[in-house]
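Peer 1: Fit chain B to the supplied structure of chain A, relying on the hints for placement.
Here the protein sequences come in this chain order: A and B.
Residues in the first sequence are numbered from 913 upward in steps of one, following the numbering used here.
Residues in the second sequence are numbered from 92 upward in steps of one, following the numbering used here.
Simulated from the structure, these hints should not be mistaken for lab results.
Ideal Cβ positions, reconstructed from N, Cα and C, are used throughout, including at glycine.
The hints are all genuine.
Label pairs and their calculated CB-CB ranges:
1. A:977 to B:185: 28 to 38 Å
2. A:1040 to B:161: 12 to 22 Å
3. A:1054 to B:134: 25 to 35 Å
4. A:921 to B:154: 52 to 62 Å
5. A:977 to B:155: 27 to 37 Å
6. A:967 to B:201: 44 to 54 Å
7. A:958 to B:154: 30 to 40 Å
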Amino acid sequence: MSDVIFQSSDLATKRTEVLEAARKGQARVRDKDGTSLVMLPESRLRLLEALTKWWQAYMKLEALLHKNELPRAAELGELAWLRVFDRADFQEFVSELHDALVAANADEDTAVLDECIKAWRVTARQLEDPLRRSVLNGPFVSEHYIEANEPHGAE
Amino acid sequence: MAPSSAYDPNVPAKRPGSKPDRRPKYRVLVHKRFLSHYSELADRVGIKQAQQFWDHVSQDPGNPDPIAQTCYLRGQAGRPKGPGWSRTIHYEVSSSARIDYQYCDTYTTEPDGDPHPVVAILTINYSSH
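Chain A on its own, in the form it takes in the complex (with noise of 0.2 Å):
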């Protein structure tokens, strides 16, 4: 945290020095009534916002896998495309959610954290379907699969 408290004042009359501390984490404003406001690049905000909305699901979930039935739509809320895994995909999500959330935190990047949750979706979205489920959780069949016709394209 930064040590220099900025006032109300200076940011009329310190304008290039309130806006480096902030470009360079934080600048911490003290207004007229005493209110403590801190400026910072709105990467690190949108980072923190990231990091809580995770943080809080992660907890939420991992309570609800101490239940013995797999949790209803009702109960993941937002997280309700989740309902489609088994436990051990849940229990999988879950950890790997984990693993994703320490590494954006010390990273202090959500790449990580974003490439996993784009991916888990992913794969939410194609076992939606039975006959896509069917085949991506079966083994493989060679006796299933056959060469490709060359399609004709409209163009």
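Peer 2: Here is chain B on its own, set in the frame of chain A:
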């Protein structure tokens, strides 16, 4: 287009639209239940993108495509189908066409068969995400 025959390891898959510029390194197989989807690919996404997909999987299925987005499926759906098989790769041919495949560099149809590289198209999904 109707399925023609069961998988014959001596017959390579066909490239959509025209002859490939390079000899395919991998034979391309399609799950029977998605053969009709595959036959629609060029009409659905255009011949250029269909060929780009085919060229990618027949030449270099294990590396990222320079244009299309790919990712590994997670959980059981993403695990290799057996020894030597890759994880399941999710390939976005377009915003409304996605293909899941695995590849194996040493695939054999029989225990003492001749190992050869194949790509198995597991599923094709034409619904937009």
